[in-house]
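Residues per chain are reported as follows:
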Amino acid sequence: MTLIFEQLLNGLLYGVMLFLMAAGLTLIFGIMGVINLAHGSLYMVGALAGAWVANATGNFWLGLPAAMAASLLVGLIIEMTVIQRLYDRPHLDQVLATFSLILILNELAVLLIGRQPIFLQLPEALTDPIELLPGLPYPPFRLLIILAGLLVALGLYVLINRTRIGMLVRAGSTHRDMVRALGVNIKGLYTAVFGLGALLAGLAGFMMAPIGAVQIGMGEQILLTTFVVVVIGGVGSVKGAFVAGIALGVIDTSLRAFLPGFLRQIMDGPDADALGLGIASMGIYLLMALVLLIRPKGLFPMKG
Amino acid sequence: MTIHKYALALALTLGTTLASHAQDPVEIGMITTLSGPAGYLGQDIRDGLQLAIDAEGGKLGGVDVELVVEDDARKPANARQIAERFVFDDDIKLVTGIIFSNIAGAVVPDVVDSDAIYISPNAAPSTFAGENCNANYFVTSWQNDSLHEASGIAAKELGYKNAFVLAPNYQAGKDAVTGFKRMFGGEIVGEIYTQLDQTDYSAEMAQIRAAKPDVVFQFHPGGLGIAFLRQYQQAGLLAEIPMVLSEPSSDAVILNALGDAAIGLKTTAHWSPDFDNAASKEMMAAWKKAYPDRPLTYYATQGYDTGLAIASALKQTGGIDDLDAFKDALRKADFQSVRGNFSFGQNQHPVQDWYLLDVVAGEDGKPTTKTVRKLVENYGDVYAKDCKL
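If you read the protein sequences in the order shown, they are chains A and B. The first sequence lines up with residues 12 to 315 when you count with the numbering used here. The second sequence lines up with residues 19 to 407 when you count with the numbering used here.
Derived by calculation from the structure, the hints in this document are not laboratory data. Treat each hint with caution, since some may be false.
What the hints assert, rightly or not - DMTMM-like mimics (lysine to aspartate or glutamate), calculated; alpha carbons at most 20 Å apart, straight line:
id	chain 1	residue 1	chain 2	residue 2
1	B	174	B	395
2	B	93	A	135
3	B	192	A	282
4	B	384	A	135
5	B	345	B	133
6	B	93	B	74
7	B	307	B	128
8	B	93	A	118
9	B	307	B	209
10	B	199	A	118
11	B	392	B	376
12	B	284	B	300
13	B	306	B	381
14	B	230	B	215
15	B	299	B	133
16	B	299	B	205
17	B	345	B	128
18	B	192	A	99
19	B	93	B	133
20	B	230	A	231
21	B	199	A	279
22	B	174	B	133
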């Protein structure tokens, strides 16, 4: 029982990470119509900058604002120099341009930091697991990530549904020309949305830094799954990104954790492992195919 | 216009033919992984090999050599393209450098079937070690299984009765698990294949905790290994369930990443910085001078040994115009490896010694490995007997 609970927590954590990445991507895709492959690079920038500052100053928590500031800065520079020119271009141009950004940012990072992964030690207070339930120790930093992710989700909900900026964002995603006709500075709005997405990617990168290895190319690993989340959730919908992110996180983790064991009860060990692993790694893509079959525009399609 | 084009082409062809008749350096083509999360593996092998070349002032075995390096970005398709360019367009006869077994699987057959020699400084999948061995294929590192058989022997000798094994789902991962199980002989209470691009191992951690094994054996090279071990530590398992590792999951960079938490781990290897032989000391001094800020990994030593092996053959032949003579010379393995004992077996894979190591605090406070004892001597691999060379 504790095992299932622990795996659900693990799934929730993965889901929260996916949401943080997907929220920015879906806004950029839905509102500006830009496919931004370089979103993963912003995640890497956040992790690298955060880890570097935290190590240089010896204070883990200083890494957090550094990561977000660095991602925001790089995001804004990218938006103003490259992305702005892509709004009216076909998707293929956007893919080419943002793919080249991945290569450029990766090589810049190699020049600045080198190919060696850099490491970020957790502060003392967070290193030892805490006993969540009897017999269930859990790393406190992971709980913190889950909490932070849920808070960001809440914040985004309020921002988009309860504020003037949010209203413009919603309007801009469905009635772009009307918003522009009403005299709203749509260019500024786009820059702000892109910056917000970059900020969230940086936050996600920093939070993953002490868990995994901070290194060149880490962004591409998470990018593909993030796109699946965006597509399942419905392009442009932050609510969709949240629901799909959490669902994919939990489903992916549960499949990896339980499917081989379950299959082993009905068939031979090695076959069960192979089949279980195969289905587990296909799981989220199968789910995407299924969702698209029933709801071609995703779970929460934008109206208009 | 057309005539001009032909004339130009002719002139170019003649030019290059004439130039190649002059005493050109022997080109060594290196296809390796320099970008992405495993970038440091390729970087270290490249720099290790370059170190051997620089030590001779741009020569190996007295012959001028030139290292041509290309990045495969851990993608088999990229590596194939590079290999085709090396072998067919640039007429390079010596190819080396591949880190990952799935890439080796895509590249090696093409190279060795085109009358070029491939010398592997790392990946050595079981598929090329037995029946499908090839006279043009040499390995200076180890055979994949052997690398992990050493850990199986160690786990057995340390008295563990059952084990939980984990490895990524690709050829080298399968070889690792096969190798460990072959020599361990105990009960396997869990066997999990992870994804090669996985970053979060929490699902696996929970399963390990639930299975309560005597010992965990895991093979995760490069960044994967860093993530795995740190999450193992963060889950509180490091203090609970001991781990026996093989070399790729405990290289110097990974140990640095873990810091103090790594101390006390058991690992098995064919080289350790505390080896007391002249070749190892020489290389360590040269590395420290060239790269004072980078820990010396065993990957770099394998690159270096590959350089020494090529040097030993070039010294006898003076060049690679006669490939058969070069192969015969290389097969003698007439060089002092940084690992001590080294020779080539029937399948041209290494026959060498394997050691049990403890991870201890080094003089600079960073974790390093200390030799405990020799596990096996002059150890080859189980596939060599199937090789008819």
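Going down the list of hints, with the structure as the test:
Our distance criterion of 20 Å between C-alpha atoms is met by residue 174 of chain B and residue 395 of chain B, whose separation comes to about 17 Å. About 39 Å separates the Cα atoms of residue 93 of chain B and residue 135 of chain A, which puts this hinted pair outside 20 Å; it is violated. Our distance criterion of 20 Å between C-alpha atoms is met by residue 192 of chain B and residue 282 of chain A, whose separation comes to about 14 Å. This hinted pair checks out: residue 384 of chain B and residue 135 of chain A have alpha carbons roughly 18 Å apart, not beyond 20 Å.
A distance of roughly 12 Å separates the Cα atoms of residue 345 of chain B and residue 133 of chain B; the hinted pair therefore holds under the 20 Å criterion. Simply put, residue 93 of chain B and residue 74 of chain B have alpha-carbon atoms about 33 Å apart, too far for the 20 Å limit, and the pair is violated. For the hint pairing residue 307 of chain B with residue 128 of chain B, the CA-to-CA distance comes to about 38 Å; that exceeds 20 Å, so the pair is violated. With a C-alpha separation of about 17 Å, the suggested pair residue 93 of chain B and residue 118 of chain A falls inside the 20 Å cut-off, and the hint holds.
For the proposed pair residue 307 of chain B and residue 209 of chain B, the alpha carbon gap of about 43 Å is over 20 Å, so the pair is violated. Proposed proximity of residue 199 of chain B and residue 118 of chain A is contradicted: the alpha carbons are some 41 Å apart, above 20 Å. Only pairs whose Cα atoms come within 20 Å are accepted, and residue 392 of chain B paired with residue 376 of chain B is accepted, the gap being roughly 12 Å. The hinted pair formed by residue 284 of chain B and residue 300 of chain B fails the criterion: a straight-line CA distance of about 26 Å is larger than 20 Å.
Using a Cα cut-off of 20 Å, the hinted pair residue 306 of chain B and residue 381 of chain B holds, with the two alpha carbons roughly 15 Å apart. Straight-line distance between C-alpha atoms of residue 230 of chain B and residue 215 of chain B comes to about 26 Å, which puts the hinted pair past the 20 Å bound. Straight-line distance between C-alpha atoms of residue 299 of chain B and residue 133 of chain B comes to about 36 Å, which puts the hinted pair past the 20 Å bound. In summary, the hint linking residue 299 of chain B to residue 205 of chain B is not supported, as the alpha carbons are separated by about 40 Å, beyond the 20 Å threshold.
Pair hint residue 345 of chain B plus residue 128 of chain B holds up; C-alpha atoms about 18 Å apart against a cutoff of 20 Å. About 49 Å separates the Cα atoms of residue 192 of chain B and residue 99 of chain A, which puts this hinted pair outside 20 Å; it is violated. As the CA atoms of residue 93 of chain B and residue 133 of chain B are separated by approximately 24 Å, the hinted pair breaks the 20 Å bound. For the suggested pair residue 230 of chain B and residue 231 of chain A, the alpha carbons sit about 34 Å apart, so the restraint of at most 20 Å is broken.
Straight-line distance between C-alpha atoms of residue 199 of chain B and residue 279 of chain A comes to about 18 Å, which keeps the hinted pair within the 20 Å bound. With a C-alpha separation of about 43 Å, the suggested pair residue 174 of chain B and residue 133 of chain B falls outside the 20 Å cut-off, and the hint is violated.
Checked against the numbered hints given earlier, the structure breaks hints 2, 6, 7, 9, 10, 12, 14, 15, 16, 18, 19, 20 and 22 and satisfies all the rest.
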